[in-house]
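Student: Using the hints, put the two chains back together into the complex; each one sits in its own frame.
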Amino acid sequence: MSKSALTQQQLWTVAKWEFLHFFKLKQEIISKLIMLAIAGVIYLFATASNQLEDSYHLASNQPFSIKTEPTATQFKFTKHDDLTAIIANLAEDTEYDGVLEFDQATHTYTLITAVKSAWQTSLQSLLTAQLQQTQFDSLGLSEQQLLGLTKNIAIEHKVLDELLKNQADRSQTYTAFGVLILLFVAMFGVFGQLFVSITGEKQNRVTEQLLATMTAQTWIDGKLLGQILLAVKTMLSTLLSIVLSMLFFTVVIKQQALDLHFVNWSLLPWFFAFAIAGLSICAAFMAAVAAGIDDPNHSSKSALMMLPLAPIAIAFFVIESPNSILTIALSYLPITAFAVMPVRMSVVELSFWQPLLSLLLSIICFYYLRIFAARTFKMGMNMYAKEPSLKVMWQSIFNSKA
Amino acid sequence: MSLIINNLVKRHQNVVAVNKLSFEVQAGEIFALLGPNGAGKSSLVKMLVGFSSPNSGSIELTDDGHTYKSIPAHLLGYLPEDRGLYPEKTLKQNLQFFAALHGVKDSEFTQRCAYWLGKFNLTERLNDPLKSLSKGNQQKIQLITAILHKPKWVILDEPFSGLDPINQELVVEFLAQLRKQGMTVILSAHQMAMVEKLADRVLLLNQGESVLYGKLSDILANAQSKIIHVAFKEALTSQTISQLNETYCVEHIQDHQLAITLTEQQSLNQLLSQLLTIGEVCEFKNQAQSLHAIYLHAVAEHNAQRVQGTTL
Numbered sequence: 160m161s162k163s164a165l166t167q168q169q170l171w172t173v174a175k176w177e178f179l180h181f182f183k184l185k186q187e188i189i190s191k192l193i194m195l196a197i198a199g200v201i202y203l204f205a206t207a208s209n210q211l212e213d214s215y216h217l218a219s220n221q222p223f224s225i226k227t228e229p230t231a232t233q234f235k236f237t238k239h240d241d242l243t244a245i246i247a248n249l250a251e252d253t254e255y256d257g258v259l260e261f262d263q264a265t266h267t268y269t270l271i272t273a274v275k276s277a278w279q280t281s282l283q284s285l286l287t288a289q290l291q292q293t294q295f296d297s298l299g300l301s302e303q304q305l306l307g308l309t310k311n312i313a314i315e316h317k318v319l320d321e322l323l324k325n326q327a328d329r330s331q332t333y334t335a336f337g338v339l340i341l342l343f344v345a346m347f348g349v350f351g352q353l354f355v356s357i358t359g360e361k362q363n364r365v366t367e368q369l370l371a372t373m374t375a376q377t378w379i380d381g382k383l384l385g386q387i388l389l390a391v392k393t394m395l396s397t398l399l400s401i402v403l404s405m406l407f408f409t410v411v412i413k414q415q416a417l418d419l420h421f422v423n424w425s426l427l428p429w430f431f432a433f434a435i436a437g438l439s440i441c442a443a444f445m446a447a448v449a450a451g452i453d454d455p456n457h458s459s460k461s462a463l464m465m466l467p468l469a470p471i472a473i474a475f476f477v478i479e480s481p482n483s484i485l486t487i488a489l490s491y492l493p494i495t496a497f498a499v500m501p502v503r504m505s506v507v508e509l510s511f512w513q514p515l516l517s518l519l520l521s522i523i524c525f526y527y528l529r530i531f532a533a534r535t536f537k538m539g540m541n542m543y544a545k546e547p548s549l550k551v552m553w554q555s556i557f558n559s560k561a
Numbered sequence: 008m009s010l011i012i013n014n015l016v017k018r019h020q021n022v023v024a025v026n027k028l029s030f031e032v033q034a035g036e037i038f039a040l041l042g043p044n045g046a047g048k049s050s051l052v053k054m055l056v057g058f059s060s061p062n063s064g065s066i067e068l069t070d071d072g073h074t075y076k077s078i079p080a081h082l083l084g085y086l087p088e089d090r091g092l093y094p095e096k097t098l099k100q101n102l103q104f105f106a107a108l109h110g111v112k113d114s115e116f117t118q119r120c121a122y123w124l125g126k127f128n129l130t131e132r133l134n135d136p137l138k139s140l141s142k143g144n145q146q147k148i149q150l151i152t153a154i155l156h157k158p159k160w161v162i163l164d165e166p167f168s169g170l171d172p173i174n175q176e177l178v179v180e181f182l183a184q185l186r187k188q189g190m191t192v193i194l195s196a197h198q199m200a201m202v203e204k205l206a207d208r209v210l211l212l213n214q215g216e217s218v219l220y221g222k223l224s225d226i227l228a229n230a231q232s233k234i235i236h237v238a239f240k241e242a243l244t245s246q247t248i249s250q251l252n253e254t255y256c257v258e259h260i261q262d263h264q265l266a267i268t269l270t271e272q273q274s275l276n277q278l279l280s281q282l283l284t285i286g287e288v289c290e291f292k293n294q295a296q297s298l299h300a301i302y303l304h305a306v307a308e309h310n311a312q313r314v315q316g317t318t319l
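Order-wise, the sequence lines are chains A and B.
Residues 160 to 561, numbered by the working numbering, are exactly what the first sequence covers, in order.
Residues 8 to 319, numbered by the working numbering, are exactly what the second sequence covers, in order.
Next up, chain B with everything else stripped away, as it sits in the complex (with noise of 0.2 Å):
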């Protein structure tokens, strides 16, 4: 069972949405769809779902010898950017109603509905109607919705947003409750903390393109031998600081410290030697670089690829 999705374009009338993207999805694990606000995340999700299709390339999704051009309904458990219940009906009418959809059985419902809430600290409140709940907790009450069926594929866009700090570690025990019970999520979010603490693999988009895809351990091992954190005996001048920028990525933490950025063609060779000929280095070591500092790099490097591009 995998989702393979194949030189994927969309275009809404002159924009294009979505640009030649291909990844892969594995069963069973937590992939995160990362990018800035109109990257194209929301067009994906729109596609996986079958709310629209695609203008060019595929999206294959095999299950028990089937093959769908996207996610299918019974399949899916799916909570939306743009979400709301029936705010007048109550907890236990909206998840009944839900669940019917999905052709939950009775007896079922009243176990994993008992189940979820009792997660969620809502079990006092099934009767309540959903307005009188705070925006978080119908938050939460929106997420079971979405997976009370117990679906094969959970998308998920933005589960963390509306959420206070303790409701977003719930959400993401949540989710981890979701894998460990063989469910696949796909889910698009902008806390890089918590997709840090989830994710098996992300994919970045930027402008409706593949910035950075792969497994996040890779991703961050990767990112963490590129940036070097060196500390000299002496303070450094600004004359110095701009020779060494013409070749390098350089950030002054303080007088004699420099975080300095690799790209793939420079060796730390060639810098260490550089360095000697500035000043006395008695510190020289890799620097840890978060998932938020990596996203905030490469779509600042795809932009200014972009940039280049167009210019030339």
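Just chain A, with the same shape it has in the complex (with noise of 0.2 Å):
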């Protein structure tokens, strides 16, 4: 086997022990399985509360239809001109749910139960837009005054900033922040394995018999990649659990149709290029840190693993100002541009090439971190159970070869 393939077959299988190291496939498999037992529990418990495809019977002093489909089916009214006898039997009345007496004085409606349930809700809003209808029909409205009263009264922004797009709406900036939520949550999975699995490796003195098969290099190389690929998996099986959340409370509870306009999914595949390069750069960072440290339970570095996180937040701050020279400055600084630059996306018309360029120098950026990574793991290794100071890893980028 030649030297290169060997060094790769050395990546892949460093990779592979990281991934599955952290991956337990029972354990996901539990997971969905519970989640799949909760959604059958709301499920049933939906259905046993009476809120999905049943029907309700009310008596009512006066003929009453509902006329809005499809839910106005589930209630059925039936006229009784004494209502007293019904009311006082409601708790066991197996025939009527409800009553709804009319007051011809007060012009009011009222819902008699036996008790409350979740039905009775949607009924009044029912009830309330039908009364709301009558109302309008009784005042014998022009159809363009009618109009005038039903619509909402929406305000349109515009914005004089030819950088800005259209309109400056925050919901643009949904796909970007989603993105980013699912990011944080990866993030910190790679953080506390990457702690763990590196200097649980020097606690089980298990480094010294890895690099006598492969270079630091190779090895900090594999472990990123096996971290990369966890967080990946992380990322697209957390959005699947969203997703499928949404769809069984959509479709299956509401039944709706499920509304995804606010994904943005032109950008899309740019927000997901950043977010690997960020979760590239931030584990590269982590495994330099990880690597200086002796003693887990006794160093001050550990720390300085939750400084990636900072770019999150600041994303959340540069929204408001989306030209400022400190913003076009953070979309471009390769540990800020994977949180700022598709934020920065969302609400300004970029050129091609800007997005390209930040992502670009994200991944040189990533290139040297492992590098500084590998050097600094090799020359802790050298330094006999004392840890290097932070001014020595800085020396080390330049000094020593992995």
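Since the hints were made in silico from the structure, they are not lab data.
Source: prediction; values computed, not measured.
Careful, some of the hints might be misleading.
[Said to hold, decoys possible] Lysine-lysine pairs mimicking DSS-like chemistry, simulated, CA-CA at most 27 Å apart:
no., chain 1, residue 1, chain 2, residue 2
1, A, 392, A, 185
2, A, 162, B, 99
3, A, 183, A, 413
4, B, 292, A, 191
5, B, 99, A, 175
6, A, 185, B, 99
7, B, 233, B, 159
8, B, 240, A, 175
9, B, 76, A, 162
10, B, 99, B, 76
11, B, 292, A, 175
12, A, 183, B, 222
13, B, 292, B, 222
14, B, 292, A, 162
15, A, 392, A, 175
16, B, 112, B, 204
17, B, 99, B, 126
18, B, 76, A, 183
19, B, 292, B, 204
20, B, 96, A, 392
21, A, 183, B, 96
22, A, 185, B, 96
23, B, 112, B, 96
24, A, 185, B, 292
25, B, 126, B, 187
26, B, 187, A, 183
27, B, 126, A, 162
28, A, 185, A, 175
29, B, 159, B, 126
30, B, 96, A, 175
31, B, 112, B, 159
32, A, 392, A, 235
33, A, 183, A, 162
34, B, 157, B, 204
35, B, 126, B, 157
36, B, 27, B, 96
37, B, 159, A, 162
38, B, 112, A, 175
39, B, 96, B, 126
Tutor: In structure tokens, the structure reads:
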């Protein structure tokens, strides 16, 4: 086997080892089954609470029907001149679920039920809509007047800054922030896993054995690859869970169509590319810090590992001024670009080369950070149970060779 | 194929760990690195495997027309002093991982794994987590990890530590088998009895310097000729022994028996003449010396020389 082929094999062996060390198929299946079980319980509960596809029979002192489809078919009204007996027997009565009483004097409706249940809320809103319509009808309004009364008043916001997109609408950033939140979830996983993995191997005294088989660089690269794949898996499975939950609540429970209009499909590939670049940079940074830690219980460097989360927090603030010099600078700075550039792209018209340049800078940054991580690791390994200071770690970037 | 170390120096800040060390390891032999704690063995091993670089001097390994400045990973099997594997993983997972890192194919792995586990009576434990094994058995797995890919060069740092006498013998057999398979073994150890059984050549280090270096058989033969066991017909007085001690290194074994160590400048004839002036000699013979005794003597002598050098 040639040297480069062996290095490739070692890289994938370490990545696979790292991935499978933290990816437990059995646990994944169990967690998904738990989700399904919870969904099933919710569905059963909703059905048991007569929320879904049940019909309700109400007694009323005047002829009544609900015109709005399709929910209206749930409710059937029967006229009775004397409701007193029905009201008195409501608790035991199996024929009527409630009584709708109309007061001619005050023009008000009263809904009387034996117990409180979810269907009564939807009936109330249907009644409100219908009575409002009846009121409009009784006024004898023209169609134009009626339209004027019922139309929602929308205020369109136009911004004169030519760089901004047509609307200064925050909903444009939902996709970017959605991806950032997924990234945030994945990043937390990477934090813990890389820390446990690198310091754990040091504690288990396995590092010398490993480095007798491959270079520190191959080892770090394999670890990073495994962790990035794990993070992508976390992002995708979290996304899948969110989409399935939305589908379940919208389509199954509410029986409505799923509305995904807020997703910015054209920018989505860019956002994922930036997310993976950000993951890589942060993972390489964390690997470098973890490589410099000898004893995880007594190291002050552990706090440094939280640093890569800062750019995600920054992204929430820059949205207020997407064209300020600071925001522009942060959207190209590799350690913040993965969070800031997607948010900027959502609200500012950018040329193709701008996000591309930002992405390239991020990739270059990742390339050097992983070298830094490998050098720190090799230097720390030869320090004989001493932990390298930040100054020594910095010097190792330029001095040693992994 | 040989490993030539020339004038090697390694400093850790102000401490000289290895001082102007030169030696050669020949292909196919078992080469023992001996020395007390802090002698510089680990520093030397780390340079040999390429974990650290020397401050001066050179390491030169020639193999198949290539020259290397340390033993490259593809030729090396290494058992570090500071050792461990993945305790939560099974024996198979641990062995397979390291075999894959060395490019061993799955079919070869299965075959070799079965062979070595059988040798160490661990076949039944293949799917057990490593942490469920005793410390000694874990060490055997670590040894298998180091050689499963059939390396040309094997460096074993303290392979006998933590093992009971029966398992130490198993490791001796294991090392002999490696030599039989054509591997070159460099081992660092404190168990002189084990080294004496195995090593072809030894290098004794003390305070980073070479104290004794050469073929083990030559070293033992040379030491044998230097220690003389003498028995007198009558008991010796302490005054007589003191007089002898002025010229020779004398150990008083019993009332009428002595063990005398000669330096290279002292001759047997001179000694015999002097002994005859003391009393009637009834026994005069070379005493066989163990590697352990040679080791202690050589280190003590080297320490004394260094103290003398410092004082002067």
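Student: Next step is simple, just say for each hint if it's right about the structure.
Tutor: Evaluated hints:
Taking the CA atoms of residue 392 of chain A and residue 185 of chain A, the gap is near 15 Å; set against the 27 Å cutoff, the hint holds. Restraint check: the Cα-Cα separation between residue 162 of chain A and residue 99 of chain B comes to about 26 Å, which is no more than 27 Å; the hinted pair holds. About 34 Å separates the Cα atoms of residue 183 of chain A and residue 413 of chain A, which puts this hinted pair outside 27 Å; it is violated. Our distance criterion of 27 Å between C-alpha atoms is broken by residue 292 of chain B and residue 191 of chain A, whose separation comes to about 84 Å.
For the hint linking residue 99 of chain B to residue 175 of chain A, the alpha-carbon distance of about 16 Å falls within 27 Å, and the restraint holds. Of the pairs offered as hints, the one joining residue 185 of chain A and residue 99 of chain B holds, with about 20 Å between alpha carbons and a cut-off of 27 Å not exceeded. A C-alpha spacing of about 38 Å is found between residue 233 of chain B and residue 159 of chain B, which places the hinted pair above 27 Å, so the restraint is violated. Only pairs whose Cα atoms come within 27 Å are accepted, and residue 240 of chain B paired with residue 175 of chain A is rejected, the gap being roughly 78 Å.
At most 27 Å may separate the alpha-carbon atoms for a hinted pair to count; residue 76 of chain B and residue 162 of chain A meet this at roughly 17 Å. Our distance criterion of 27 Å between C-alpha atoms is broken by residue 99 of chain B and residue 76 of chain B, whose separation comes to about 33 Å. Proposed proximity of residue 292 of chain B and residue 175 of chain A is contradicted: the alpha carbons are some 66 Å apart, above 27 Å. Restraint check: the Cα-Cα separation between residue 183 of chain A and residue 222 of chain B comes to about 54 Å, which exceeds 27 Å; the hinted pair is violated.
This hinted pair checks out: residue 292 of chain B and residue 222 of chain B have alpha carbons roughly 24 Å apart, not beyond 27 Å. Taking the CA atoms of residue 292 of chain B and residue 162 of chain A, the gap is about 59 Å. The hint is violated against a cut of 27 Å. Using a Cα cut-off of 27 Å, the hinted pair residue 392 of chain A and residue 175 of chain A holds, with the two alpha carbons roughly 13 Å apart. A C-alpha spacing of about 35 Å is found between residue 112 of chain B and residue 204 of chain B, which places the hinted pair above 27 Å, so the restraint is violated.
For the hint pairing residue 99 of chain B with residue 126 of chain B, the CA-to-CA distance comes to about 16 Å; that is within 27 Å, so the pair holds. For the hint linking residue 76 of chain B to residue 183 of chain A, the alpha-carbon distance of about 42 Å lies beyond 27 Å, and the restraint is violated. The hinted pair formed by residue 292 of chain B and residue 204 of chain B meets the criterion: a straight-line CA distance of about 25 Å does not exceed 27 Å. With a CA separation close to 23 Å, the supplied pair residue 96 of chain B and residue 392 of chain A stays within the 27 Å bound.
Distance check on the hinted pair: residue 183 of chain A and residue 96 of chain B sit about 13 Å apart at the alpha-carbon level, within 27 Å; holds. The straight-line distance between the Cα atoms of residue 185 of chain A and residue 96 of chain B is roughly 16 Å, inside the 27 Å bound, and the hint therefore holds. About 20 Å separates the Cα atoms of residue 112 of chain B and residue 96 of chain B, which keeps this hinted pair within 27 Å; it holds. At roughly 75 Å between alpha-carbon atoms, residue 185 of chain A and residue 292 of chain B are farther apart than 27 Å, so this suggested pair is violated.
Restraint check for residue 126 of chain B and residue 187 of chain B: the C-alpha separation of about 15 Å stays at or below 27 Å, so the hint holds. Among the hinted pairs, residue 187 of chain B with residue 183 of chain A is inconsistent with the structure: their alpha-carbon atoms are about 43 Å apart, more than 27 Å. Using a Cα cut-off of 27 Å, the hinted pair residue 126 of chain B and residue 162 of chain A is violated, with the two alpha carbons roughly 32 Å apart. With a CA separation close to 17 Å, the supplied pair residue 185 of chain A and residue 175 of chain A stays within the 27 Å bound.
For the suggested pair residue 159 of chain B and residue 126 of chain B, the alpha carbons sit about 20 Å apart, so the restraint of at most 27 Å is met. Using a Cα cut-off of 27 Å, the hinted pair residue 96 of chain B and residue 175 of chain A holds, with the two alpha carbons roughly 14 Å apart. Distance check on the hinted pair: residue 112 of chain B and residue 159 of chain B sit about 18 Å apart at the alpha-carbon level, within 27 Å; holds. A C-alpha spacing of about 50 Å is found between residue 392 of chain A and residue 235 of chain A, which places the hinted pair above 27 Å, so the restraint is violated.
A hinted pair counts as satisfied when its Cα atoms are at most 27 Å apart, and residue 183 of chain A with residue 162 of chain A does not qualify at roughly 32 Å. As the CA atoms of residue 157 of chain B and residue 204 of chain B are separated by approximately 23 Å, the hinted pair is consistent with the 27 Å bound. With a C-alpha separation of about 16 Å, the suggested pair residue 126 of chain B and residue 157 of chain B falls inside the 27 Å cut-off, and the hint holds. The hinted pair formed by residue 27 of chain B and residue 96 of chain B fails the criterion: a straight-line CA distance of about 43 Å is larger than 27 Å.
Of the pairs offered as hints, the one joining residue 159 of chain B and residue 162 of chain A holds, with about 17 Å between alpha carbons and a cut-off of 27 Å not exceeded. At roughly 16 Å between alpha-carbon atoms, residue 112 of chain B and residue 175 of chain A fall within 27 Å of each other, so this suggested pair holds. This hinted pair checks out: residue 96 of chain B and residue 126 of chain B have alpha carbons roughly 21 Å apart, not beyond 27 Å.
When each numbered hint is compared with the structure, violations occur for hints 3, 4, 7, 8, 10, 11, 12, 14, 16, 18, 24, 26, 27, 32, 33, 36.
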